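Student: Residue numbers (the numbering used here), protein chains in the order written: chain A, 1 to 362; chain B, 1001 to 1362.
Rather than coming from a laboratory, the hints here were simulated on the basis of the structure.
Owing to the predicted nature of the structure, the values given are computational and were not obtained by experimental measurement.
Misleading hints may appear alongside valid ones.
What the hints assert, rightly or not - If you want the footprint, here are the derived chain B segments under chain A, 3+ residues with CB under 8 angstroms: (1) 1073 to 1084; (2) 1115 to 1122; (3) 1153 to 1162.
Unchecked claim - Have a look at the derived ranges for each label pair, beta carbon to beta carbon: (4) A:Ala183 to B:Leu1195: 41 to 49 angstroms; (5) B:Met1186 to A:Arg160: 22 to 30 angstroms; (6) A:Arg156 to B:Ala1095: 20 to 28 angstroms.
Unchecked claim - So the derived list for chain B, only partly shown, Cβ under 8 angstroms to chain A, looks like this: (7) Gln1053; (8) Thr1128; (9) Asp1131; (10) Ile1134; (11) Ser1141; (12) Asn1198.
Heads up, the beta-carbon is just placed ideally off N, CA and C, and yes, glycines get one too.
In case you want the letters, here they are:
2 protein chains.
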Amino acid sequence: MTGPRVTGPSVTDRHVTGQRETGPRETGPRVVVLSGGVGGAKFTLGVREFLRQRWPDGEGETTAELSVICNVGDDFWLAGMRITPDLDSVMYHLAGEADTERGWGRKDESERVSAEMTAYGVGWPWFTLGDLDIGTHIARSTWLREGLTLSEVVTRLCARWQLSTKLIPATDAEVETRVRVGATEMHFEEWWVRLRGNPGADAFVQPGAAEAVPSPGALAAIAAADVILVAPSNPVVSIGTMIGLSGPASAVPGIPGLRDALRAAEAPIVGLSPVIAGKPLRGMADICLATLGIEADSAAIARAYGARSAGGLLDGWLIDEADAAVELPGIRLLQRPLLFTSLAETAAIAADAFEMALAVRG
Amino acid sequence: MTGPRVTGPSVTDRHVTGQRETGPRETGPRVVVLSGGVGGAKFTLGVREFLRQRWPDGEGETTAELSVICNVGDDFWLAGMRITPDLDSVMYHLAGEADTERGWGRKDESERVSAEMTAYGVGWPWFTLGDLDIGTHIARSTWLREGLTLSEVVTRLCARWQLSTKLIPATDAEVETRVRVGATEMHFEEWWVRLRGNPGADAFVQPGAAEAVPSPGALAAIAAADVILVAPSNPVVSIGTMIGLSGPASAVPGIPGLRDALRAAEAPIVGLSPVIAGKPLRGMADICLATLGIEADSAAIARAYGARSAGGLLDGWLIDEADAAVELPGIRLLQRPLLFTSLAETAAIAADAFEMALAVRG
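Here chain A stands alone, though its shape is the one from the complex (with noise of 0.2 angstroms):
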């Protein structure tokens, strides 16, 4: 925000007073995203574009420093592998390497292996994993092996791609989501993509994750953060599985060191409604809010992530001109289209939630 054409506030003061136990910095600021998988990945991709179009460093990148925690719920080891879909999505989709027709996994992908495995009767059939995909898991779980912690390892795996975005498991933790149906209990990915969410879930459970810490490149990157956006991922399976939620149903309890840490984030945070005219934007966001007992709309969200005055998560909150402008104390709102329609639109909805942030403190 120290840059020339900042026309906004600065965020913070200790920004524009250098007062920052780093040293000298960049002149950009410094943004972190909350996200999840693809719809995240997508929303990643606008706040990199806006940021290389206002804070350009002459080469086509930016002096902003642009860091994405991820949530690790959808996690789970399968055949010797530790696969990490939402890690994946993000980092494909900042690498050029998503495929985006299909929606998941990389582009120019092939499934020889999958196919040798289920001739075997290994792994998961329903749960198809590309060739390139696979060396991309080959990799990440020989590093696990060898003692890396799951950031050094996502560290590693990035350093291949030249994403110009620092990509941070929420927590170096196993804490997997797992999905309770009936009397019986399942993964996630079982219940999302084999069964594709029917019947509904029970509850989410996260074993685990009352005692996991956030990452510390999670926890250094809220704390150093002049901006926070929550991306318009499903607000229970990928944010909620990361900072917690709670409705009159049941609850998911995230990881309590990064809910406290966003707390006590001095930078603004301005989340993305992920349901347009009452509908998810992707994915079945609808199945898993009722799983918690909370309406599919843009205002009962709002009031589940909770406003940081009264001890919640959002400063301000985005959502669609399709949605009725529920006023919510505490939490400032923005109605603009929220489709996903290019990267140029992605980015300009970037923009307007990172304006919102600046507004938030100025």
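Based on these hints, arrange chain B on the given structure of chain A.
Tutor: The following block gives chain B in isolation, referenced to the frame of chain A:
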């Protein structure tokens, strides 16, 4: 040998009189092959073809029982996958899935996963793993991690292919062949594939081999065998790593229990020379033999294997027409062309080896 097509005498009395602990049995004999990788695989194909011709079951298969005891000294863990080159060579050849033009791996293979691994900096860039092959490695490694023995894993893998042959690892222990070159020591595959045997090895060592026990299947197959054939595999790093081999310069220890079981076997043991016209049939047997101080000629190899009557391995020895028929005390010799020019020719070689075994005990 109880079938009407058998012209030779019975191999063992117990066979004819039915004094087997396993009760009524098939009419074909029980044949065991000791094998390394590709060379042993090709020989095994010939043995299976011979048995199908000589003891047909009327449905394209044989009433004989063929077991292959296979070297595991080349095995290793790479990027979280247990690789078993010799077992796979035999399995793929018997399954009709081997890439016979390239000489290793699966036919119609691709290498997309390997390229990704290399891009991330994981694995051995000089050791390319095919995509189909990786499917096998992932299945194997999954089952090993679940606690299955290697023997059980091999049985599961082979179940997919209908080999009509029992493939048995020499041991379920992880006994890997390592190579001493000057002051350094490396895995056999690194010396073999990356360095291509140059510089030559000062010694082959097998950590843990002295304490390793043969797989239960190997012991059972040897005890029940009517005929045991030693494939023309590398005498040092394929056969020697199973049964031990000593030369004036150094020795490979092998698995003591396997050598003992072979010495105690009632079945005759006939080997095939891996050297034709003074040159190794394939691979770099001469370099390996030099490490032990054994000359790369048929007579020297037979002497190193030793006569059973003198506590060694062999009752009979097949050598090529181009090699000198040096008389070897206690070892019967048969001279014939030994090149595997076609499946029919390899079957004819197998038939001669089998006939020689009958003659030894006739």
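Student: Each hint: holds or not?
Tutor: Checked hints:
With 3 residues bearing a CB less than 8 angstroms from a CB of chain A, the segment 1073 to 1084 of chain B meets the requirement of three and the coverage assertion stands. Evaluation of the coverage hint for the segment 1115 to 1122 of chain B: fulfilled, as 7 residues show C-beta separations to chain A shorter than 8 angstroms, against a requirement of three. Counting residues of the segment 1153 to 1162 of chain B whose C-beta lies closer than 8 angstroms to any C-beta of chain A gives 3; at least three are required, and the coverage claim holds. The hint said 41 to 49 angstroms for the Cβ distance between Ala183 of chain A and Leu1195 of chain B, and at roughly 59 angstroms that hint is violated.
Our hint of 22 to 30 angstroms for Met1186 of chain B and Arg160 of chain A holds, since their Cβ atoms are close to 27 angstroms apart. Separation of Arg156 of chain A from Ala1095 of chain B is about 37 angstroms and departs from the stated range, judged on CB atoms against 20 to 28 angstroms. Hint status for Gln1053 of chain B: violated, given a least beta-carbon distance of 30 angstroms to chain A, over 8 angstroms. For Thr1128 of chain B, the suggested interface contact is broken, since its CB lies about 13 angstroms from the closest CB of chain A, more than 8 angstroms.
Evaluation of the Asp1131 of chain B hint against chain A yields a held restraint, the C-beta minimum of about 4 angstroms falling below 8 angstroms. About 5 angstroms separates the beta-carbon of Ile1134 of chain B from the nearest beta-carbon of chain A, less than 8 angstroms, and the hint is met. Using the Cβ-Cβ criterion of 8 angstroms, the hint placing Ser1141 of chain B at the interface with chain A is satisfied: the shortest such distance is roughly 5 angstroms. Interface hint at Asn1198 of chain B: violated, since its Cβ lies 29 angstroms from the closest Cβ of chain A, which is beyond the 8 angstroms cut-off.
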